[in-house]
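Full structure from sequences and hints, please.
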Amino acid sequence: MLSSPTSPTPAFSAAIPARATNRALTESFGRVVQRDPLWMRIGLIGATLLFLLALVLLPLALVFIKALERGVHAFGAAISDPAALDAIRLTLFISISAVLVNLAFGLMAAWAITKFEFRGKSLIITLIDLPFSVSPVVSGLIFVLLFGAQGWFGPWLREHHFKIIFAWPGILLATIFVTSPFVARELIPLMQAQGSDEEQAALTLGASGWQIFWRVTFPNIRWGLAYALILCNARAMGEFGAVSVVSGHIRGRTNTLPLHVEVLYNEYASTAAFGTAALLALFALFTLGLKTWAEHHISGKRQTDSDFRSNE
Amino acid sequence: MRDATSILLCHISKQFGRFAALDGVTLEVRPGQLVALLGPSGSGKTTLLRIVAGLESHDAGSVHFDLEDMTHTNPRDRNVGFVFQHYALFRHMTVLENISFGLTVRRRRPRLSKKEIRERALRLLEVVQLGGLQDRYPNQLSGGQRQRVALARALAIEPKVLLLDEPFGALDTKVRKELRRWLRTFHDEMGITTLFVTHDQEEAREIADVVVVMNRGRIEQVGAAHEVFTRPQTDFVREFLEQGASNEFFVRESPQENVLLRVIG
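Chains as they are written, first to last, in this note's numbering: chain A, 188 to 499; chain B, 3 to 267.
Because the hints were derived from the structure by calculation, they are not lab data. Hints may be right or wrong, so weigh each one.
[As the list claims (entries may be wrong)] List of simulated lysine to any residue pairs, SDA-like, C-alpha gap at most 20 angstroms:
#1 B:K116 - A:Q398
#2 A:K302 - B:R109
#3 A:K478 - A:P406
#4 B:K176 - B:Q136
#5 A:K302 - B:K176
Okay, structure coming up:
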């Protein structure tokens, strides 16, 4: 980029260390306090709050109210029912497995994309995003088409007595598919912003690949990674559409918590349905707490960085 | 003082797609010399420096330290001290941890004990005149201080050669002047063979024993600093040196984007 001599900006940008420019500018703009009229501020804040109250907080509260309608005892019974316990177990197993797979895949993908130069990189980035843009139902159907009785691999799987559709492997595959972008999406911009200077410095100082990863790269991305894994876990636990298509709703065997809630609701067992839903909501709230905590750590780090820059 | 190492580069070529970043560059750096690679952005000077360190691959040619062929040696094993323009300090480590890093990951030679590593790092911190700052984090230091920590970190592994990529490029003029004088004095004391990249001819003139002027992947002229500046041998060198006298300078250099700013006034 060659700026023309008449442009007024060069002298200005020359005064700021080039690398810090972008971040420093966005941050200082981010801090500009709006000077809009009072009524407008109150109106906007009020509308936002009202919206949240009516569409988020109220329904959530209702879930807990309904769950506890017939007392704590009924709630306890709903979530300690054998079918409910099986659903909880399956959900935890699926979400933990999906998170682990995501961790491995996300790290690999982010590393490959940010540390190497190769053709077709942007295509890979687009592909990583794909599961987010495809409807979960479609994601589920893909696996039925592949592994279902009439699917491509159906006959082969039947011969070898493997069951994927209407069994936990199908649920796991569908969950992995819909959650696969989380870690990569969070880490790619983070690692791009950090560049690979620190890794190269470590290399010239004699560090091995493992040492570079564990002692240089990982400490720099750990909070971003934690944040991504928490979001991934939330989605994995709550996933309904894709899982519903491949699960077959076999009670005690292929019902995850969200599916169990639906079954109970359809059977007019409303206390049990809301009880289980409340449990799911509790998991979600716990995750939200974790997420806020991770975010706090991330922004805490950025804060000290920008404070320093303004002193410079 | 240890015996200094010489660097010999033979016919180094490097293509980026169709663009020849380096076109058969041959250069010898004598033991203990302080050599500046000077040239406009895109002239290939940083690429050459990175090839010496092994951080960049090249298509043809060879790299030797003394008589040893390093062409296919992993950067990890080349034992070079590399200092980056933007410091590249490990941001989650303290100053002391940064300086000790190379000693704690080292596999060759008997490893030093923790105490020895700490002592050596503290001594280096004194050498770069930052005594007492060992527990700070990089973001609590000024730019000049950071670059000195980076230098101490590179020196901790007792490198054969020291490679500096625009070491003062991100600093303001005053700090830059101070630091380069200090580097010259420091080099005189240590006597380590040093190659540094710069686009600032004043910097090259002031501290280098030998100046290598580069343009479009080739060496235009090599010579003692005063000789190059008083007797430019090619049109390019003459024009480049004249241009440098005006207020034109490069603000940022990266392989992707080169920014040339002309300050008016």
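Hint check:
no.	hint	in the structure
1	B:K116 - A:Q398	18 angstroms, holds
2	A:K302 - B:R109	25 angstroms, violated
3	A:K478 - A:P406	18 angstroms, holds
4	B:K176 - B:Q136	24 angstroms, violated
5	A:K302 - B:K176	35 angstroms, violated
The structure is inconsistent with the numbered hints 2, 4, 5, although it conforms to all the rest.
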